[in-house]
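So you can see what is in the structure, the chains are spelled out below.
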Amino acid sequence: MSGTFVGMPSFPVAAGVAVTDERLRGNLRRATHTIRDKRAVAVGELADWGALREAGKEIKDRTLRGLDGYLVELEAAVTAAGGVVHWASDADEANRIVVDLVRATGEREVVKVKSMATQEIGLNEALEAAGIAAFETDLAELIVQLGEDRPSHILVPAIHRNREEIREIFVRTMSEWGRPAPEGLTDSPAELAEAARVHLREKFLRAKVGISGANFMVAETGTLVVVESEGNGRMCLTLPETLISVVGIEKVVPSWRDLEVFLQTLPRSSTAERMNPYTSMWTGVTDGDGPEAFHLVLLDNGRTATLGDEVGRQALRCIRCSACLNVCPVYERAGGHAYGSVYPGPIGAILSPQLRGIRSEVDASLPFASSLCGACYEVCPVAIDIPEVLVHLRERVVEQGGKGHRLEKAAMKAAGWVLNHPGALGAGERLASKTRKGHPKKLPGPGGRQWGQSRDLPQLPAEPFRDWWKKNRA
Amino acid sequence: MTSRDRILTRVRTALAGAPQAPEISRDYLSTHTADDPAIVLDLLHENLADYRAIVHRTRADGLPGLLARLLDERGSRTVLAPAGLPPQWLAGATGVRKVEDTPTATAQELDAVDSVVTGCAVAIAETGTIVLDGGADQGRRRITLIPDHHICVVRAPEQVVASVPQALPRLDPGRPSTWISGPSATSDIELDRVEGVHGPRTLEVVLVES
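Same order as they appear, the protein sequences are chains B and V.
Convert by adding 15 to the 1-based position in the first sequence; the result is the number in my numbering.
Convert by adding 1 to the 1-based position in the second sequence; the result is the number in my numbering.
Derived by calculation from the structure, the hints in this document are not laboratory data.
Just so we're clear, the structure is a prediction, and the values are computed from it rather than from any experiment.
Every residue, glycine too, gets a C-beta built ideally from N, C-alpha and C.
Be aware that one or more of the hints could be misleading.
[What the hints assert, rightly or not] Quick look at which bits of chain V chain B covers, simulated, 3 or more residues with Cβ under 8 Å:
1) 29-42
2) 115-129
3) 132-146
4) 167-180
5) 188-200
Produce the complete structure using the sequences and hints provided.
See below:
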């Protein structure tokens with residue numbers, strides 16, 4: 016995945032730092048609670064939400080089961096409509112294809128619509144290495160790019176920043192990228208948005224190459240769909256002469272009609288709106304309207320490996336709505352950066368280790384970055400059972416071994432014995448209660464310290480519950 | 002082996018032995034609204050307004066006068082009209098210079114236009130959405146994107162549907178379409194909604210009842 020995340024510490028280390036950042040926690044708490052409350056209202060308007068969710072799940076499962084056929088059908092439809100389809104096995108190949116396509120136009124700069132796929136492959140860095148400037152045009156992505164920061168949320172990548180921080184970033188850096196921030200810029204959201212409008216407009220109006228992802232691709236018709244709010248997407252999709260879309264192979268849906276499900280569930284789940292302000296749909300190229308050249312880069316980059324995992328493949332149903340992030344108690348406290356991936360939150364905790372494998376420290380830690388409370392599953396509009404996949408991936412991490420996991424196994428074995436011997440359990444509990452004043456707050460010892468890095472030990476009661484019951488109720 | 006073959010082979014290997022997927026159960030509703038054109042139109046009005054589009058209603062004979070008044074109140078001196086816009090719509094707007102969208106017109110030239118007036122392909126009441134599909138009275142995608150003021154005329158009841166499932170069969174996937182629900186907006190700064198980032202900052206929708 017993206018080079019920006021190379022060398023990230025494991026989740027418990029990164030989260031341990033993040034939870035002490037009070038400004039971050041405040042920004043996150045306010046934002047996630049606002050959006051989750053609004054989402055509940057938007058979803059509540061549809062009496063058939065459960066049926067839509069089930070249909071969405073089934074459409075995606077059907078897509079995945081027949082993915083080879085749908086991809087070939089999509090390729091034929093896009094080609095027939097005047098587009099050119101490219102296939103990329105991994106990030107390097109996708110970046111190479113895009114760099115070559117941009118070079119062939121002779122241009123040295125591109126405008127970009129916010130896209131998870133291009134973040135995942137580190138396209139901006141690859142373009143930069145090739146001497147091509149890539150301008151992010153989504154307001155939040157712009158804030159992240161200007162601030163030399165990393166995105167922390169799928170939908171609102173700058174959710175960890177408040178208005179004062181955004182103002183500071185604009186004033187400090189806009190001039191390095193183009194039109195400077197206006198004199199006397201305040202931190203009112205309207206003024207900040209206006210500054211972004213003026214800054215980006217000169218880029219849109221001269222851009223010759225646009226780069227996007229897509230929310231959906233319709234196999235039957237070859238139509239691509241981009242769902243957005245600001246109009247930066249429309250600018251990038253319609254004004255340039257060349258349009259390059261980099262899209263994960265799992266984004267295909269079989270039929271035009273299938274859009275009726277996702278155009279109802281996606282906006283309500285993500286931005287809590289009945290419909291997002293702008294949706295663009297295009298099929299190949301259209302004479303006299305929009306780009307003259309359209310290239311579609313179909314991206315694998317670990318998706319086929321994920322598809323091969325019977326339990327884990329359901330992660331590929333994801334439509335990137337981010338509802339699971341906004342309800343997750345772990346995300347709310349740790350923030351998106353702690354996940355060490357462009358996909359944070361519960362979906363990131365199952366998607367990243369599957370796309371990248373579980374060999375690195377950060378990827379092996381991600382399946383454990385959850386309390387397994389199940390809130391993510393409940394809000395998921397395509398019913399991905401995230402807790403099920405987390406537990407499944409934990410199993411794989413444990414099988415792979417490692418010091419911590421051997422110690423945990425030994426501890427569980429000991430606990431199992433004690434729980435099977437009530438006499439020993441009772442004696443142990445009494446002893447523990449009597450000595451409770453002298454207990455450490457953290458688990459001591461090798462392995463224990465590691466385990467306890469992100470966990471405080473619970474306080475013991477003055478006496479065991481069973482003793483209390485005997486005295487007071489028996 | 003090409004990457005195409007490699008990916009397709011990987012997909013087939015990954016799925017070997019996977020059970021067939023069940024048929025898709027489409028027992029969700031095709032509409033959430035009573036089958037009454039007046040109710041549907043009122044809902045469209047309400048939801049468009051909820052997304053901060055400015056909504057007007059008129060009869061067909063009142064349309065030229067209304068459009069002239071809206072352009073005048075806005076202070077527009079130039080108005081872009083797609084080639085297929087019925088000429089009588091703008092017959093009352095005498096003080097406004099009409100601009101055509103020619104293939105050679107640059108984005109900068111469009112940026113200097115005060116207002117654009119278009120029709121639409123279909124409007125969706127439950128979501129407060131108008132859909133443009135490049136029809137003769139709607140023009141190319143860029144003309145409703147660059148000018149800061151867009152007036153969209155919706156003919157009721159024939160162009161109004163209740164729901165998304167009712168809208169899709171009316172659209173031709175071969176044509177580029179733009180779905181618009183209120184003016185351009187962002188919620189990227191502390192989730193405060195701000196209208197008008199890159200698209201037109203003012204969207205006026207005229208519902209014309211026949």
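Now the hints, each set against the structure:
{"no.": "1", "hint": "29-42", "verdict": "holds (count 3)"}
{"no.": "2", "hint": "115-129", "verdict": "holds (count 4)"}
{"no.": "3", "hint": "132-146", "verdict": "holds (count 5)"}
{"no.": "4", "hint": "167-180", "verdict": "holds (count 9)"}
{"no.": "5", "hint": "188-200", "verdict": "holds (count 11)"}
Of the numbered hints given earlier, the model fails none.
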